[in-house]
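Chains H and X, in that order, are what the protein sequence lines are. Quick note: the first sequence, position 269, residue 373 per this note's numbering, numbers continuous. Quick note: the second sequence, position 74, residue 183 per this note's numbering, numbers continuous.
Hints may be right or wrong, so weigh each one.
Claimed, not checked - In silico PhoX-like pairs for lysine-lysine, Cα to Cα no more than 20 angstroms straight-line: (1) X/Lys143 - X/Lys228; (2) H/Lys199 - H/Lys156; (3) H/Lys198 - H/Lys233; (4) X/Lys128 - X/Lys143; (5) H/Lys270 - X/Lys187; (6) H/Lys324 - H/Lys281; (7) X/Lys143 - H/Lys292; (8) X/Lys187 - H/Lys281; (9) H/Lys236 - H/Lys226.
Just so you know, the hints here were simulated from the structure itself, not pulled from any lab data.
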Amino acid sequence: MIKLSNTTKKFGDFTALDNVDLLIPKGTAFGLLGSNGAGKSTILRLLSGIYKQESGSVTIDGQEVFDNTDIKKRVFFINDETVQFGSFTLKSLKKYYKGFYPNFSEELFEELRNTVKLPEDKRIDRFSKGMKRQAVVITGLASGADYLLLDEAFDGLDPTMRIIVKRMLVDAMLDRKLTTVISSHNLKEINEVCDSVALIHQGKVIFNRDLDSIKGNIHKVQAAFNKDYSKEDFEPYGILHYSRSQSIHYIIMKGSEQEIREKFKDKEPIVLDLIPLTLEEIFIYEMEGMGYDAGQLN
Amino acid sequence: MFDIDLQSRIPIYEQLYKKVIEMTVKKQLTPSEKLPSVRELAKELGVNPNTVSKAFQMLERDGIIYSVPGRGSFISDKNDSIIAKNAAEGFRTAVREALNGGLDREGMISVIDSVISEKGALSDDKAK
C-alpha cells in the first residue's frame, strides 16, 4: 500500500505538492490525472525515492521510501530518464537490473525483447526515442517489482506495444498483486487501464475515487414541469450546475438514475431525461463544484 | 464476443454485466456454460482485471452466474426472475422515451403488438 500523508514538496519558492494525502491500495491500477506541472511526476519521484519531501510522509507498505534500498528494490519507475546508460546495450542493461531487482525475470525480458524486436547488442544511445521507451518498459515489466510507476508512459508507445503492456499488467495484477501508478493527462488512457483515479491540480489532490463509482453516478438532467419551478426548488437535491432555457431545466447532479428519478417524483415532471456524464465532463463539474476554474485543466 | 465500448458513458463493469445478461437471454450463453476467466476477459477487452472481477461479483450477487472455486464462473440455470426484472427496466426506459417522443398509450400498444408479431413470425420460421 502506498501512503502519502500531509506530504509537501517544494522547489525553492515553488510548492509542487501542498499537503497531499493519498492512499493507493495494493493491487490497484491507479491513475494520476492532471495538467502539466500539476504535481503528478513529483508524486512518482517521491515514490521512487528520487526526491525527499519537506514535510509529511511517503510510505510504501509502512516504510518511508527515501533512502530505503529495500523499498527501492520493489519499485520500478518507468520514465524517459530511467535509462541513462547511454553506452549500455540491452544485454548489459539486463545484467545491471538483474543485479538490483531480486525478482527480475530474464525469460520475460528476452520474450518481450523478441516481441518488440529490439537488438540486444546495440548501444541504447543509438536507439530511436520510441525504442528507448520500449527498452524502459520491457525492463520495468521484467523487473518483478511490486510497484510499477509509469510517468506518461503510454504516450510514446505504438498500439501493439500498448496491447502487450496492458496484457502484461493484467497477468502481474492477478498473479502477484502488482500495483501500478500511471500519470497521464490523457483521460482516455486512464479510463481504460485504471480502476481508481486522483485528479491533481496545482499541487493538490482535488479528488480521489474509484472510477466505476464516479461513472454513472453523476447525470445531466433535462426536466420540464407543469408548475413553474426555479433553481432554489432544486437546491436540496445537491445540484452541481443549473441552467434554464424557457420551460426546460438543465441540471447536473450526483446520483444514480434511480435515485435521481426518485427525487424528482413529487414534482411530477412531464419530461425527465437523464444522461450520464462523460468522465471528462465529470472532472470539469467536480472541479467547478470545488471552486476551481476547470479551464485550467487543459 | 463480449464487445464493449471503452469510451462509453456507461461504466465498463456495468456494460459487461448487461452484456452477460443479454447473451443469456439470446441463448448465446446457456445455463451451466463456463464464462471466460477474469484474466482472459481482461486481456481480450484490454481492461483492468479488477473491473472484470467487479462485474462478475455483481452477476454472482444477482444470481446470474455462480462460481466454483478453482474451476471458474458458470451461467446459472435459475436466473429467469432477475433477467425479467432487467428487461422490465429496459422497457420502462423505452416507454419514457416514447412518451417524450409523443407516442400515447394506444400508439405504444400497437407498436408492442407489431413487434411481437414480427418476433412470432421469426420464431415460426425457425420452427419450420
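Hint check:
A threshold of 20 angstroms between alpha carbons decides the hint, and for lysine 143 of chain X with lysine 228 of chain X the separation of about 29 angstroms lies outside it, so the pair is violated. A distance of roughly 28 angstroms separates the Cα atoms of lysine 199 of chain H and lysine 156 of chain H; the hinted pair therefore is violated under the 20 angstroms criterion. With a C-alpha separation of about 19 angstroms, the suggested pair lysine 198 of chain H and lysine 233 of chain H falls inside the 20 angstroms cut-off, and the hint holds. With a CA separation close to 15 angstroms, the supplied pair lysine 128 of chain X and lysine 143 of chain X stays within the 20 angstroms bound.
A hinted pair counts as satisfied when its Cα atoms are at most 20 angstroms apart, and lysine 270 of chain H with lysine 187 of chain X does not qualify at roughly 35 angstroms. With a C-alpha separation of about 37 angstroms, the suggested pairing of lysine 324 of chain H with lysine 281 of chain H is violated against the 20 angstroms cut-off. With a C-alpha separation of about 31 angstroms, the suggested pair lysine 143 of chain X and lysine 292 of chain H falls outside the 20 angstroms cut-off, and the hint is violated. Among the hinted pairs, lysine 187 of chain X with lysine 281 of chain H is inconsistent with the structure: their alpha-carbon atoms are about 34 angstroms apart, more than 20 angstroms.
For the suggested pair lysine 236 of chain H and lysine 226 of chain H, the alpha carbons sit about 12 angstroms apart, so the restraint of at most 20 angstroms is met.
Figure legend: structure checked against the earlier numbered hints; hints not met, in rising order: 1, 2, 5, 6, 7 and 8.
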